[in-house]
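K.L.:
Chain by chain, the residues:
2 protein chains.
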Amino acid sequence: MAKADKRSKLRRSAVELAYRQGFRKTTLADLAEESKVPIGNIYYYFKTKDELGEAILETRLDEFHQLRDFAQTLDLPKERIRLFIDATSENRAVVAERGCPMGSLCAELLKEGGFLGERSNALFAEPMAWLAAQFRMLGRTDADALALQLMASLQGVSLLARSFHDPRLIETEAARLKDWLAAL
Amino acid sequence: MAKADKRSKLRRSAVELAYRQGFRKTTLADLAEESKVPIGNIYYYFKTKDELGEAILETRLDEFHQLRDFAQTLDLPKERIRLFIDATSENRAVVAERGCPMGSLCAELLKEGGFLGERSNALFAEPMAWLAAQFRMLGRTDADALALQLMASLQGVSLLARSFHDPRLIETEAARLKDWLAAL
Numbered sequence: 083m084a085k086a087d088k089r090s091k092l093r094r095s096a097v098e099l100a101y102r103q104g105f106r107k108t109t110l111a112d113l114a115e116e117s118k119v120p121i122g123n124i125y126y127y128f129k130t131k132d133e134l135g136e137a138i139l140e141t142r143l144d145e146f147h148q149l150r151d152f153a154q155t156l157d158l159p160k161e162r163i164r165l166f167i168d169a170t171s172e173n174r175a176v177v178a179e180r181g182c183p184m185g186s187l188c189a190e191l192l193k194e195g196g197f198l199g200e201r202s203n204a205l206f207a208e209p210m211a212w213l214a215a216q217f218r219m220l221g222r223t224d225a226d227a228l229a230l231q232l233m234a235s236l237q238g239v240s241l242l243a244r245s246f247h248d249p250r251l252i253e254t255e256a257a258r259l260k261d262w263l264a265a266l
Numbered sequence: 083m084a085k086a087d088k089r090s091k092l093r094r095s096a097v098e099l100a101y102r103q104g105f106r107k108t109t110l111a112d113l114a115e116e117s118k119v120p121i122g123n124i125y126y127y128f129k130t131k132d133e134l135g136e137a138i139l140e141t142r143l144d145e146f147h148q149l150r151d152f153a154q155t156l157d158l159p160k161e162r163i164r165l166f167i168d169a170t171s172e173n174r175a176v177v178a179e180r181g182c183p184m185g186s187l188c189a190e191l192l193k194e195g196g197f198l199g200e201r202s203n204a205l206f207a208e209p210m211a212w213l214a215a216q217f218r219m220l221g222r223t224d225a226d227a228l229a230l231q232l233m234a235s236l237q238g239v240s241l242l243a244r245s246f247h248d249p250r251l252i253e254t255e256a257a258r259l260k261d262w263l264a265a266l
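Protein sequences, first through last, are from chains L and H.
With the working numbering applied, the first sequence corresponds to residues 83 to 266, in that order.
With the working numbering applied, the second sequence corresponds to residues 83 to 266, in that order.
Keep in mind that the hints were calculated from the coordinates and are not lab data.
Check each hint, because a few of them may be wrong.
If several chains are the same, the list does not tell them apart, and a pair holds so long as it fits within one copy or across any two.
Computed cross-link-like contacts, EDC-like style, restricted to lysine to aspartate or glutamate with a CA-CA straight-line distance of at most 20 Å [unchecked claim]:
| hint | residue 1 | residue 2 |
| --- | --- | --- |
| 1 | K91 | E115 |
| 2 | K260 | D226 |
| 3 | K91 | E136 |
| 4 | K107 | E194 |
| 5 | K193 | D248 |
| 6 | K131 | E115 |
| 7 | K260 | D224 |
| 8 | K88 | E116 |
Just need the whole structure built from these sequences, with the hints factored in.
P.N.:
Structure (structure tokens):
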């Protein structure tokens, strides 16, 4: 396997492990086992747990970039924002079990503190800046507040759905948010 | 000090420790140091970390009960709901630093799993049931959905404020939520 492929495969395994069992509990040894790559080989890609955390964070950000790039192919800002809401809603079964992929990682990295804690808010800052740009295209002067409102609702309902083990809460809120968006 | 007083003092110290450094990191030895009570004496009150977790959870629920009991002295359901919003907003400096006292504890206990994980959703279930009752008094047939919407917004913005170290996000959302409430 080429180095770039192996790096990419290891990043996917690391993201999956951190989502399933938490970043804190995830060791380089776990990653070796999950990815079937010898531990001595893992060290070539990740020297420390901080490097592993950074790779997980960047991989999650890449997922948002892919969603954003696809959304940009849609004509209307409202369609793009709707796609963003649908992305959470479609994941509601796993979100109710493990939390929002972005939000739960952000909460964990905040607790780690240091460089990872400081960098963690990119997981919210990038989507919010993009959402605000869409609201501005709708002519809204309160675009930042609308982006905050939407992101807070989605993050909050993800936490509640996880706490109650109930994906329907996300369905309810997503439907309301899409009505709200349509009426803007 | 009477046993009931000492128990109460230990519970306060435990809540403060868990909020400051996280429940996971909090040991019975930390509690002995924080409360200036000898560790042998601590074991009289809390035999295990699970018992400590339960006491912290019940103490946080008591705080909500006190807020609710005070709110019940207000005449109008909208005034009571406004008080609930203000409670988060007034705490915004500490929420932006450490997270929502209820939400961050719930997230931590969920990760602990077991009895504490199962019990943790009382931290959301009780306030949401109470909020829904207030919305029903306003004649709203969508009272449960409104309670979900309000709780999700407050929890979500608390997480965002913590991530960005910015209490003003809570101020912005609380002001919007109070306008929304007034217009219901």
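K.L.:
Each hint should be assessed against the structure and marked as holding or not.
P.N.:
Against the structure, the hints come out as follows:
1. Taking identical chains as interchangeable, the C-alpha atoms of K91 and E115 lie at most 20 Å apart only when both belong to the same chain, with a minimum of 13 Å there against 46 Å between chains.
2. Both within a single protomer and between protomers do K260 and D226 lie at most 20 Å apart by alpha-carbon distance, with minima of 18 Å and 18 Å respectively.
3. Proximity of K91 and E136 under a CA criterion of 20 Å is satisfied intra-copy only: 15 Å inside one chain copy versus 41 Å between copies.
4. Taking the shortest Cα distances, K107 and E194 sit within 20 Å of each other both inside one copy (12 Å) and across copies (12 Å).
5. Taking the shortest alpha-carbon separations for K193 and D248, only the inter-copy value of 16 Å comes in at or below 20 Å, while the best intra-copy value is 26 Å.
6. With identical chains, the CA atoms of K131 and E115 are at most 20 Å apart within one copy only, with a shortest distance of 16 Å there and 31 Å across copies.
7. With identical chains, the CA atoms of K260 and D224 are at most 20 Å apart both within one copy (18 Å) and between copies (17 Å).
8. In this assembly of identical chains, K88 and E116 lie within 20 Å of each other by CA distance solely inside one copy; the values are 13 Å within and 48 Å between copies.
Of the numbered hints stated above, none is contradicted by the structure.
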